[in-house]
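On the provided structure of chain B, position chain Y as indicated by the hints.
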Amino acid sequence: MKTRFSALILCIAATSSMMLAAIPEANAVPVFARKYHTTCFTCHTTPPLLNDFGLRFQANGYELPGTIEKYAQADQPSFLMGVVAQPMFLYYQSKDNLGATPTVSSTSFSGVEVGLFTSASLGNHLSFYMGLPIDYFSGAQAQINVETANLIYTDALNDGTGSLNFRLGEFRFSIPYQHQVILANPDEDPLLYTYDAFTNTQNGGAVTPANRLSFSDPNFGISAFGMIPGIAEGLRYDIGYSGGTNSDIDLKQAHAIFGALNQTFYVNNAPLRIGAFYYGGSQLTSNFADTMGGVSPPQWTNNSSRVGLNLEIYDPWTKRLDFYGQYLTGKDDNVDTAGTAYNMTGSFVGVNVIIAPEKFYVYGRYDIRKVTETSDNANQIDVGFQYHLLPNAFVTGDYTVEHETTPQSALISAAIDQTTTWAGIGVRFGF
Amino acid sequence: MTIQTLTIAAAIGLSGLAFSVQNGTPDNGIPPAPQPGSEIFAPETPAPPQVLARGKEMYHISCVPCHGADGKGDGPIAANLPIKPRDFTRGIYMNRSTASGELPTDYDILRTITRGLHDTPMPSFQQMRPEDRWAIVQYVKTFSPRFTDSTEYPLDVINVGNEILPSPQSIARGRQVFLQMQCMNCHGIDGEGNGPASKTLSDDFGNQILPTNLTNASDYKFARNVLDVFRIFSTGLNGTPMPSYAQSVNDTDRWNLANYVWALQDDDQYIDSGADSILTEK
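Line order of the protein sequences matches chains B and Y.
Per our numbering, the first sequence starts with residue 1, numbered consecutively.
Per our numbering, the second sequence starts with residue 1001, numbered consecutively.
If we strip away everything but chain B, and leave its shape as in the complex, we get:
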């Protein structure tokens, strides 16, 4: 075991060295930093965690706050495509505590996880943003996907404040903390965001929404968003309508509305944010298990809603401790043909600690989630670090443990007691 661990460390060191050798200059940074002739840390505490300026940048339609871009580029030609890559070694273990299935564990190299993104102004008020991750799974061909692609009409009030912007296309709604830290865990979102009521149905997930309403996935829709200055130090909002899913959308089959408000106050110049959001709608649902034998699957409509409250506060003295938390409650009123309703509640609390600015960060988060009707309980703890070797390259490590229990019941055919562990270490760099 010790030998294997040493070999792993050696491999990581060798890979890191090779990756860093390939980075030509510390100032070779992704598209926004290059476009605005600045560093990553203008907008990020550590990528992808946004600081106050980054939040305003985002709320202004990916343009510097207070600006309205007139041209596709600034005064210097700039390559419009940014690249972020994160090769990692991952350890995974799934243990059935009831002993019904054998423990599974594996160590693997994640290979190439590359994200491409591009953004540019198309003229006065008009810009676009597009993210194209390249997914690679062992033994399969790498695939490039358009994950997000949207047109943004910025500063609709034409007053330079960017308090009203519109977005059309495929995008994620402004859920706080969705990407608060980089996690080695491939299921990197908080438990609350990946909750899918249909996976807990008695027929093992054969019930499938034709158009899933998901926090995690980008949705095709339209929204109005921005930050209104002058209301304390900024009221950030995002309201929109979407088709509810990111693939093969039929807008007649899913409707969802979304709204989020986040108010920032400052205590001794330390941010204090309070927010609330709602996401809900209806989706056509089918029992695909019934298609066997040529029987047409029954279809029905599920109504989902999610309501959340969030809070974030930096310590007002050093401003290097960032505490955040969220409470979320959700309801799905028809998860099966019998009209069963599921109610989910959950929350998470976390902290990001900035030990050395632009250099060394550690983080931790605890998640808990419960489903009332099935007595499903899940909790998860994450700890990790990011150490910047260069402004645009850092070593990241993460350890995640999730424990889930569900007793046998009228709704659940077999009890579940499972512990899942992920551990990862790798290098993330962008240029």
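It should be emphasised that the hints constitute simulated quantities derived from the structure, not laboratory data.
Among the hints, a few may not be true.
Some chain Y residues close to chain B (C-beta under 7 Å, calculated; not the full set) [stated by the list, open to error]:
(1) His1060
(2) Ile1061
(3) Gly1068
(4) Asp1074
(5) Gly1075
(6) Pro1076
(7) Ser1100
(8) Thr1114
(9) Gly1116
(10) His1118
(11) Pro1121
(12) Pro1123
(13) Met1128
(14) Asp1132
(15) Ser1248
Have a look at the derived ranges for each label pair, beta carbon to beta carbon [said to hold, decoys possible]:
(16) Asn124(B) to Thr1252(Y): 42 to 48 Å
(17) Asp135(B) to Asn1225(Y): 43 to 49 Å
(18) Asn145(B) to Ala1069(Y): 55 to 61 Å
(19) Gly123(B) to Met1181(Y): 48 to 54 Å
(20) Met1181(Y) to Asp135(B): 55 to 61 Å
(21) Asn1225(Y) to Ala224(B): 51 to 57 Å
(22) Pro1241(Y) to Thr419(B): 55 to 61 Å
(23) Leu261(B) to Met1181(Y): 55 to 61 Å
(24) Asn1225(Y) to Leu168(B): 57 to 63 Å
(25) Gly364(B) to Phe1205(Y): 32 to 38 Å
(26) Ala276(B) to Pro1241(Y): 47 to 53 Å
(27) Ile134(B) to Thr1089(Y): 47 to 53 Å
(28) Ala356(B) to Asp1204(Y): 33 to 39 Å
In the PhoX-like style, the derived pairs of lysine-lysine whose C-alpha atoms are separated by at most 25 Å in a straight line are [as the list claims (entries may be wrong)]:
(29) Lys319(B) to Lys359(B)
(30) Lys1199(Y) to Lys1221(Y)
(31) Lys1221(Y) to Lys1072(Y)
(32) Lys1221(Y) to Lys359(B)
(33) Lys1072(Y) to Lys319(B)
(34) Lys1199(Y) to Lys359(B)
(35) Lys359(B) to Lys1084(Y)
(36) Lys1056(Y) to Lys1084(Y)
(37) Lys1084(Y) to Lys319(B)
(38) Lys331(B) to Lys370(B)
(39) Lys70(B) to Lys1056(Y)
(40) Lys1199(Y) to Lys1084(Y)
We treat Cβ as the ideally placed atom computed from N, Cα and C, and that holds for glycine.
Frame of chain B; chain Y shown alone:
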């Protein structure tokens, strides 16, 4: 055709459109510079209230995260930046066109807002409306009482003199000046920012600062051309150990020094200049 397919097609189209229009001639948005030596921006002509109000509004939108609502350089993200944002309350500005120790002109502040400071968290706000940038300039000045102190005026805007174009002789002479003025103590014998005193420097705010690596174009925060380098030699950088050489080095040698320093960024230019051989022959 699915929405996904349509989205991909639209995205590819947008990328192409962006590439095709990026060669348009951008307006750098900087109003004409005041003439060197002109006496302007006297304290008895303060900005109108509506300009200050607009400046405050735009300052709170764009500047507060780093510089803070009170202009003390302690905004919400300042604690996590190694290069600290400017504290406007003391009226000490590095990037100026005025004599050492003096206030900057309005145009100097505007230039920093417009250009940004390269390779620092201070971005270029070139795409902000010119009138909004001017309004921020006026608002920023209200943080320091120096700007309303009549004894601070008139400002002595430096004269750029007669520019000397880069040549082997000019670069070689610049190298001599570099050595004579002990620039290598901070910037290193080869200008790489690694002189013996380089680790001991701090600014007037108590923050450690590193000398510029003159061989790396990315390390130049203020200078975009030889004229900017000449200006810095003439004005110094207030609040830092970088002095003004306006009194100790004449205009001609400051130009020679600027040509030498600028050539350090490009090994080929420096070698082609033959400066080393000229110096050796002497």
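Does Lys359(B) sit within 25 Å of Lys1221(Y), going by the straight-line distance between their CA atoms?
Given pair Lys1221(Y), Lys359(B) holds - Cα atoms ~21 Å apart, limit 25 Å.
Can you confirm whether the C-alpha distance between Lys319(B) and Lys359(B) stays at or below 25 Å?
holds (15 Å)
With 7 Å as the cut and Cβ atoms as the points, is Asp1132(Y) at the interface with chain B?
holds (5 Å)
Keeping to a limit of 25 Å between CA atoms, is the pair of Lys1199(Y) and Lys1084(Y) held or broken?
holds (17 Å)
Lys359(B) and Lys1084(Y) were given as a pair; does the straight-line alpha-carbon distance stay at or below 25 Å?
Roughly 15 Å separates the two Cα atoms, so the pair holds.
With a cut-off of 7 Å, does the beta carbon of His1060(Y) approach a beta carbon of chain B closely enough for the hint to hold?
Constraint on His1060(Y) satisfied, holds at 6 Å.
Was the hint right that Met1128(Y) lines chain B, CB cutoff 7 Å?
holds (5 Å)
Taking the least C-beta to C-beta distance, is Ser1248(Y) closer than 7 Å to chain B?
Violated: closest Cβ of chain B sits about 33 Å from Ser1248(Y), beyond 7 Å.
Would you check the hint for Lys1199(Y) and Lys1221(Y), treating anything up to 25 Å between C-alpha atoms as holding?
holds (19 Å)
Pair hint outcome, Lys1056(Y) versus Lys1084(Y) [Cα-Cα no greater than 25 Å]:
Since the Cα atoms of Lys1056(Y) and Lys1084(Y) sit roughly 21 Å apart, the hinted pair holds (cutoff 25 Å).
Indicate whether the distance between the beta carbons of Gly123(B) and Met1181(Y) respects the range 48 to 54 Å.
holds (49 Å)
Regarding the hint that Thr1114(Y) lies at the interface with chain B, is the smallest CB-CB distance below 7 Å?
Since the shortest Cβ distance to chain B is 10 Å, the answer is violated.
Hints 7, 8, 15, 18, 21, 24, 28 from the earlier list are contradicted by this structure; the remaining hints agree with it.
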